[in-house]
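> Using the sequences provided together with the hints, build the complete structure.
Taken in order, these protein sequences are the chains called A and B.
With the working numbering, the residue at position 275 of the first sequence is 275, and numbering never jumps.
Numbers given in the working numbering equal positions in the second sequence, counted from 1, plus 1000.
Keep in mind that a hint or two might mislead.
[Said to hold, decoys possible] Taking lysine-lysine and the DSSO-like style, the derived pairs with C-alpha atoms no more than 30 angstroms apart in a straight line are: (1) Lys349(A) with Lys1037(B); (2) Lys349(A) with Lys1349(B); (3) Lys1037(B) with Lys316(A); (4) Lys1349(B) with Lys316(A); (5) Lys1349(B) with Lys37(A).
Simulated from the structure, these hints should not be mistaken for lab results.
Protein chains: 2
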Amino acid sequence: MSLSQALDYLEQHRDRFLAELEAFLRIPSVSTTPEHKEDIARAANWVADNLRAIGARNVGVHPTAGHPVVYGELPAAQADAPTVLIYGHYDVQPAEPLELWETPAFEPAVRGERIYARGATDMKGQVMASLKAVEAAAQAGLPVNVKFLVEGEEEIGSPSLAGFIAEHQDLLAADVCLNPDAGMLGPDWPTITYALRGLAYFELRVYGPAHDLHSGVYGGVVHNPAQALAELIAGMHDAHGRVTLPGFYDTVRPLTAEERRALAQLPFDPTAFYLEQTGVPQLWGEPEYTPLERVGARPTLEINGLYSGFIEQGAKTVIPAYAMAKISCRLVPDQHPDDVAEQMRAYLKAHAPATIRWELDVMAGGPPSITDLHTPAVQALAQAMEATWHRQPLYRREGGSIPVVAQMQEILGLDSVLTGFGLPDGNLHAPNENLHLPTWQKGMEALVRFFYQFGQNT
Amino acid sequence: MSLSQALDYLEQHRDRFLAELEAFLRIPSVSTTPEHKEDIARAANWVADNLRAIGARNVGVHPTAGHPVVYGELPAAQADAPTVLIYGHYDVQPAEPLELWETPAFEPAVRGERIYARGATDMKGQVMASLKAVEAAAQAGLPVNVKFLVEGEEEIGSPSLAGFIAEHQDLLAADVCLNPDAGMLGPDWPTITYALRGLAYFELRVYGPAHDLHSGVYGGVVHNPAQALAELIAGMHDAHGRVTLPGFYDTVRPLTAEERRALAQLPFDPTAFYLEQTGVPQLWGEPEYTPLERVGARPTLEINGLYSGFIEQGAKTVIPAYAMAKISCRLVPDQHPDDVAEQMRAYLKAHAPATIRWELDVMAGGPPSITDLHTPAVQALAQAMEATWHRQPLYRREGGSIPVVAQMQEILGLDSVLTGFGLPDGNLHAPNENLHLPTWQKGMEALVRFFYQFGQNT
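Take a look at the structure:
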């Protein structure tokens, strides 16, 4: 059978795959600092060469205004097979502070079951797992068409990617995007991330007197703008932590019973976890949702910054002329940032008193994203993971935003399935980043199984 | 009669008095900049010389850690006469921006009925009026004992004055302090300021997570400290603008019917005045009090500064680790700053949620002050003003604080009667400061009459 041939191939070439990963990790492709420009080019070419080596066609290193995008494709053995677009990035975070690394960041070292190097988990290990899974699956004829899109600017916010996607819509056409830039919750817990939150970011300015006033001479006749701002902010949540912007929850897709069950099964105590991670004296939020549900599946409104008047050491008795708040909402399906901006305006129109003036700037924003758990791609990945780990995968919603996922959905109409084979103690963005090799190897197996399963399900 | 002799003397020496004022105004005794140190010394000596010239004894220029204090005294003709301590300051505000002066700030120029120079109203003109009124009254034997205390640091917050007063309590013993550093509401409106507000100043810090958090990863499980601070601040006033600190109004002395009548008679429209002065779209405050009552006779709570998280240009999706507010209360009799600090603590204990930690620093503070309108000194000044202007004086409460007034009350147990002969368009602290000379001359007459009246009433 072709699947077993492919799995045998993985087994037989395990040492070479590790050697290739080490070579990839040796390139210090830090995207944020200009002195690594040549390393970035080397890493892009390294990916292109590896694509050619596994039999990809139409391989190109596409220049952009920033760092290049690498593309390559491999056809399925059969004409009517579905297409998987695999997203990855070859750039890495800076390695500083260097003195905290046990072995140098760009000299990969295997200790125990792990390999230590910058990018091992985020995400050169994941890119390699994808390339090598495709190489193995291709030995007996690929069951799906595969396209690779590997960018070099993820760690600096992917500024050139949307443009590239928009200009190459035909080239990138696919049935699903596989994005292995997420992770697992433990070595025995295969995980599928199926939703990300969106964002609506505002700057609210409240104006009172024409200039700062003496609080003795004028205190008692003007509405202090800092107080008025505090009153407006305080009114944006009710006593139960719910956001009060009119209509804010109208389009929020309720969690299904199935989703709540899945989130409740995650293998840790979320209260203890969040208390330890944040150091707060007590958790907070909508009481009718669990902490994981609140972070993953509920929208929020946060104050990101506050400024008014005199904030230096000491005392100054001023009534400030104005006050400012940075406010952002994390959004969930099916909220849209434009609607939330309208809701914020409606709230301010309804609640801002006539004693002050206000201005609202709408800053950054992006829609949330979610992938239907019943689609063939998610089902195929779940079956592949179960066959690999002998356990059903965990389904997880992430509280943050990954811009490329929203871009894929907006520009290409393409759902993303997020997974990955890094672990929580992989030290992403920190010293001693590492990759657990047995999990990595299981990840390759799961990807091979996914290609077969998806080709068969579709 | 001795009063009419004194008034004649004023009339006869009018030109010399103006010439002396001009000489005094030519000394650029700016207290805030080190390069005027010599001018400060010159001004102090000038006051001491003038005291000697009018017959004062025990005249001294007393060094302090800062600028010197000038003292001198003149005995009454009769042994059992009461004692008036006259407060003044010989320092002035800086003259900048110089280019906005029509004639140079330290080259006094008479145009029309006014003399233009820095310090003309604030307060060299008032110091001169006091010196010359005493000189005139002394011609026929002073009806009261007079002591002069003239400092050089008023424009920089009087840092050395409390120490000087505390060390010279016997020297400064008196029945009342006459403080001519206030003003009149119009040339036909003699004014007595009989109350000042006190101050209690706080810094409140609210702590949430141990460090700034990513709002995507943690938004929904922690109480944002900026939001918690806004909620605490918003709760410090009720919907009618009343302060909600427990017990805040318990010791507030109610306005008497007489006081409310007096404040209602002030010769201008306070709503129009405050709208124009502040530029706010609408006034604010406790609806059951008029704007003048709110500023003069009601305590307030103001936000003087706010800070939390990210306040630069742009967007950063952070849950801040902490948030800070500068908060101050203006106090009225019989509130005390220590009690208000306890009330603030009680409010925070009752309302701060268990999801955050808070710290309160008590910063600057000072008690309010008020002078009984029925004391002999106020009565004498009122009679003197009525005899001069043929109109009863206006009684006014000031919203600000003058530290020396509280110091006199705290250290010497001495009430202050505040008056002065500058007008609202005298451009205090601004270019083209000026003094209306006919009002100034009437002021001297009123002071002479006050000395006689007070000597007679007591």
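> All hints, please: hold or fail.
Hints and how they fare:
1. For the hint pairing Lys349(A) with Lys1037(B), the CA-to-CA distance comes to about 55 angstroms; that exceeds 30 angstroms, so the pair is violated.
2. About 33 angstroms separates the Cα atoms of Lys349(A) and Lys1349(B), which puts this hinted pair outside 30 angstroms; it is violated.
3. With a C-alpha separation of about 26 angstroms, the suggested pair Lys1037(B) and Lys316(A) falls inside the 30 angstroms cut-off, and the hint holds.
4. Our distance criterion of 30 angstroms between C-alpha atoms is met by Lys1349(B) and Lys316(A), whose separation comes to about 25 angstroms.
5. A C-alpha spacing of about 56 angstroms is found between Lys1349(B) and Lys37(A), which places the hinted pair above 30 angstroms, so the restraint is violated.
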